Every structure is written in structure tokens, then in C-alpha cells.
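Modelling step: build the complete structure from the supplied sequences, incorporating the hints.
Residue numbers (my numbering), protein chains in the order written: chain B, 41 to 292; chain S, 5 to 427.
Among the hints, a few may not be true.
[Unchecked claim] Far from chain S, some chain B residues (derived; all Cβ distances over 12 Å):
no. : residue
1   : T87
2   : G101
3   : G130
4   : S131
5   : H163
6   : G214
7   : R261
8   : D284
[Stated by the list, open to error] To be clear about the criterion: a stretch of chain S counts as covered by chain B if any three or more of its residues have a C-beta under 8 Å from a C-beta of chain B, and this derived list gives those stretches:
no. : stretch
9   : 29 to 43
10  : 334 to 342
Read the hints as simulated data drawn from the structure, not as lab findings.
Quantities reported herein were computed from a predicted structural model and do not represent experimental measurements.
From the three backbone atoms N, C-alpha and C, an ideal C-beta is built for every residue, glycine too.
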Amino acid sequence: MKILDRSGRGQSASPDEGASTAAVRLDDVTHEYGTDSGRFGSGNDRTLTALRDVSLEVQPGTIVGLKGPSGSGKSTILHAVSGLLVPTSGSVDLLGTDLTALSDRERVRVRREHVGIVFQRFHLLPSLTARANVALPLVQAGVPRTERRERAEHLLEQVGLGDRTTHLPGELSGGERQRVAIARSLSTDPDVIVADEPTGELDTATGAEVLELLTSLGDDRAVLVASHDSPTLSIADDVVRLRDGMVIEDAG
Amino acid sequence: MRDDDEEGRRSRWRGIFGVSTRRLWKQATTTRTGRMAASTGAVALTIAILLVVTGIALALANAGVVSQADAEATVVPEQGETLSDVGGVEPAQLGAANERAERIREREGVDHASPVLVETVRLESAQGDDGGESGLVLLVGVVPDDEERSVAGLPTTGLEPGDPHYAGGSYDGPRTGELVLSDAAAERLDAAEDEEFRVVGNRTATDRTTFGVAEIDAAAGNERDADVPVALVHLSELQSISGASAGELADRVLVWGDADAAATAGEDAYPNATVETAGGTDPSQLFDDGLAFATSLIALVVGVAICAAFVATTMGITVNEDRRMLAVLEAIGFPTHSRLAVVGVSTLLTTLLGAVLGIAGGVLGVLAVDAVAGATVASRTVAVVHPLFVPYAFAVAFVSGLVAVPYPLVVAARTNVLAEVGR
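Structure (C-alpha cells):
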């Protein structure tokens, strides 16, 4: 990973040039909440700048950590990379496609096909079994039912939950739920995984297991992990420190 | 990509339906039993009440002693096609009834056919000039044969077989003057067998016609209308009194015999009329009875409105609680139409599940209402069940679901993914 030279925008590496190798590339990304229907959008005229001219790249096969206190912009970067929000300015390239130039529908499709998301609070559907939760992204992908089941069971086996396939999330421990969430993020075999505080809700031992799992996600995937927790960031090949929406150093 | 082809599209929709169903099932049985019970219970209650009211309306429509007969088929005029409805004074009648009934009688598989004319007539005792007891009686004109048949709940055997006064359409044959009275009519007229009664009024020159009581009979199988004074006479004799002889008019034609043959013969004789076949309660009678139709229509409109309001409210609350689920679906790549499909399928399934429970509740309700009414105030059937109630209930539930679905969809569409998954 490298942090692009912000001052060199438009003269150094062009987006197309960078897109040929980088899985994820943010170029001069600025985002202000309050200018759209973002998190603080409703009933607040005051704008809050969450990201200022952030540029970074993530190469396939690397894990990049985003470090910083609450409100530093970590989650906003992850949301921009996964196409959940469109930054106010700048470009977000995912595998050579500029997400900011796509329609809402196209961004959803790109996310489904290329991005797996792991949330801090797991966000499994409580009324679906572990297997059905893992298979959920494959439903929209149009994968036949038997194939969905086989893939979900295989992934649950891989994350060590082969014997928990028919359990509801409420019947699983926190660590097990996060492993189900990781299995779900892998179900469409995405090129990029974004994980937002993946160990935030877990105790140290369980968190270590989940981190081990994240580390073993594969050689070709680009992984972005946001955390303010040093053990979590220790799995990263590079760490980007953020403060007040700006990159303050490349800790790699 | 896989999802671009037709097979993928089918798999996707099957999957969305399956996920919605399984999720709903788990919610109903495990994770959210109270909410599901409230949603389905509200629909079930509305549907059950709708069915009970409709059952009462149907019983109301089917009440009416003059429509009681043991014929296999009944030819009735098509309503609403003639100007007679404009004034709402006279219902449509069948013409050339005597002649056509005779032709029907000759058909293979038909045992007997008789036109039926119903007139309200005031009869008074013919004993002495000062007039004795008098009262309004529903006179039902029929052509009896020598078999035991029931018309207007009365046996035709009390009348001489045939219709001698008709005399091939000349209406100058000998009158029998026979009258078969129901208990209620006999009571109203204070009549005894062989007593003579004459028709009161000045409608035709034959008003002074008299009838002799040939038989007094309880309106069999009609205990619910036992209080209606009804009497059988020969058709042509009634037609002469009422003026219906001019066009050989009748209100309906009853056909006995093989059910199919009877219906076919009726249809052939009156291609533009409606042929009703025997078989218990006839829901189409709802449309012929103003009060019953209005009752069931109000029940339908109120039922759909209340059901839709219940569904919209409970599903709106449910979807509001499900915002995070919808946000997660968006985050893992479900576009808006797929997310709304999950909500729509859940709403409609909840409604249909409520309809199933509502049908059971409605049937039990009808039976209970009838039993309680029978044991206390009513002397007749006050509510009936019909097999058509099942598709009717489902249709009402489905329409209610469709009416209700926009609200949860709007709630779902307004979900802010970042606000939900960021929590």
C-alpha cells in the first residue's frame, strides 16, 4: 500500500494507471456529512467534514489497517470503498471502476460481486439460521438453492462452525456470530473485504481467533480493517493513521 | 454474470421468496411470536367477522318461503336487463311459461316442470255477505302432477293434477278452485278445510272468484318461515286473477328430474334466463336481495378497510423494527426492488396466514351465532356457511394486503443504510 501524493493529484499516477494494479484506490476523497442523506443528514444544517483529501491504495493480497479515534473517518472510508456512500468529491476506484460515477443500482451490484463487509456488531438476521445468513448474498446473485447451501456449509466449515449450520444467531456466542459474519462476507468470493471494528464486541481471546481468520482470508484479496485497537491492527501489512478525516501518517 | 440470465433471475426470486418465508416462519415460531400473533390475529379476527356477517346476509337472502321447492332446477329471469327494473316496481318475469314448461316436460330425463307465479292477494271468507276473516296471503300458482312435490314449502298433492283451467291457452277450462293453505295462512284467515274464500279487490272481472280449502299443511322444511302465510293454487287460476294470463307469465319455472337434464331443458327453453340448480345455499341470491346484498357489501368494504389498516399498521411497525435487517440486505448487495420484495412477500404471507385462521374462526363464528340464536331468540337459521367463503376470504385478505403494502414499503424504502449499520 502506498499513500498517494495529494499535491500531485492529476499529474502523478492517473486513476486508470493505478487501477490496473490496485484493488482499491481512493483519490483526493473528501466527504461532508450534512450535504446529503448521510448519518447526520437529517435536521442538521451544519456540515461535518468526515474526510479531507484522503488518497490511498490497497493492493490485492494485502491487509491495510485504518487507525484512529472515533470520528476520525475510518468508517467513512470503509463505507466509501463499499459503495454505501458517495463522497462529496474525489474518486473511489474499486478494481478499476470509479464507484462515484455509478448509479445507486450499479454500486449495489459492484458491492455484491466484489466487496464483503464485516460489521462490528455482526448484523446477522436473527430469524435466519447461520447457514441461511451465510447464503444470503448468494440469493441476490441468483445462485440455485442447493449450490447456496453447499457453499454456505463449506464456508461455515472453514470458519470452524460446521456443527452450527442450523443454529440461529441468538444461539451462538459473540465470536461464533462474527465468524458467521465473516463467512457471509466471503460467500460471493469477493476481491475486497472491509471490516469495521471486527473485534470491537469480542473479548481478547475470541478477538484473536477472529483476527486469525481474517488473516487467512486468502492471498488475492485486499482487506481493509478499521480499528482503534492495536492487536487488531497488528495483522495489517500497513496501517494508515487518521485524525479529523485526514491521513496523518503511513504507519506501515 | 450469473444474475443476468433467466435461470439466475428465477433462482433469485425463488430465493427471495424462500428467505422471506423462512424468516417469517422463524419469527412466528421462535424469535418474534408475539408480533406475528398480533399481525395474523388482527387479520384473522377481521376475516372471521366478515365471514360471520356474510353468513348472516346469506341466510337472510336465502330466507323466503316462496323460493323453497324440491325441484332440481329453477329457471329465473335475468335480472337487470329489462326496463322493469327502472321503476323497481315489478321484477322481470318469464313469458309463455305454461307452453314452454309443457315442452320442458316432454324432454328426456325431465319428470315434471311447472311455472310458478307468486301474487299477494287478499282473501276473505265467502261465508255471508258481510265478509268473514280476511287477510293477505301469498298465492303461489303451480301446475301439479300426480307425484308428491314441494313448492313454496307446501305439498302439491293437495291440488288436482294438471291445470284444467288453462285449456291449451284459452283459459276457459273448468276451474278447480282448490287452495292448499300453510298453517300460518290458515291461522290468519281462521280457515278450516272445505271453507270457501274469495279474492278481494277489483283488479279483474274474475275477482269474485272463490277458492275452497283443499288442505291445510305446515310449510314443511320451512320452520324458519313458518310465520309466512302462503297458499298453493293452480297456475292458470292465479294467472286469470292477476292478469298474467295475457302473456302466460310466471316468476320462475321449476324443473324436476335428472339434475343435468333438468338444467339443460331449462336453458334450452329460456336461453336468456338463469338456471339455478339445487344444492343448498345459493350465494348468487345475495345479489337479488337488497338488504342482504347491502349487508354483505358493507361487511366487505369495512372488512377490507379494517384488515388493510391492521396489516399496514402492524407491518409498518414490524418493518420499522426491521430497518436494520433491510440495511444489512442493502449492504450485502440486495437492490431496492429485492428488499421491497422481501417486505411485500412478508406482508402478503402474514395476511394470507391470517386469512387461514380467519376462515376457521369465521366458520366457527357462524356455527356459534346460529347455535346461540337458535337457542335463544331465532326460530330459523340466521347464519350459513358456504364453500365459496374460502376463496372469498383469501381474496379479501389478498386485496387487503395489497392495499396495506405501500405503507411498509415506504417505511422500508426510507431506511438509511449507514444510520442502521453504523449503530
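Cross-check of the supplied hints:
no.: 1; hint: T87; verdict: 16 Å, holds
no.: 2; hint: G101; verdict: 23 Å, holds
no.: 3; hint: G130; verdict: 18 Å, holds
no.: 4; hint: S131; verdict: 20 Å, holds
no.: 5; hint: H163; verdict: 5 Å, violated
no.: 6; hint: G214; verdict: 16 Å, holds
no.: 7; hint: R261; verdict: 17 Å, holds
no.: 8; hint: D284; verdict: 18 Å, holds
no.: 9; hint: 29 to 43; verdict: holds (count 5)
no.: 10; hint: 334 to 342; verdict: holds (count 8)
Of the numbered hints given earlier, the model fails hint 5 alone.
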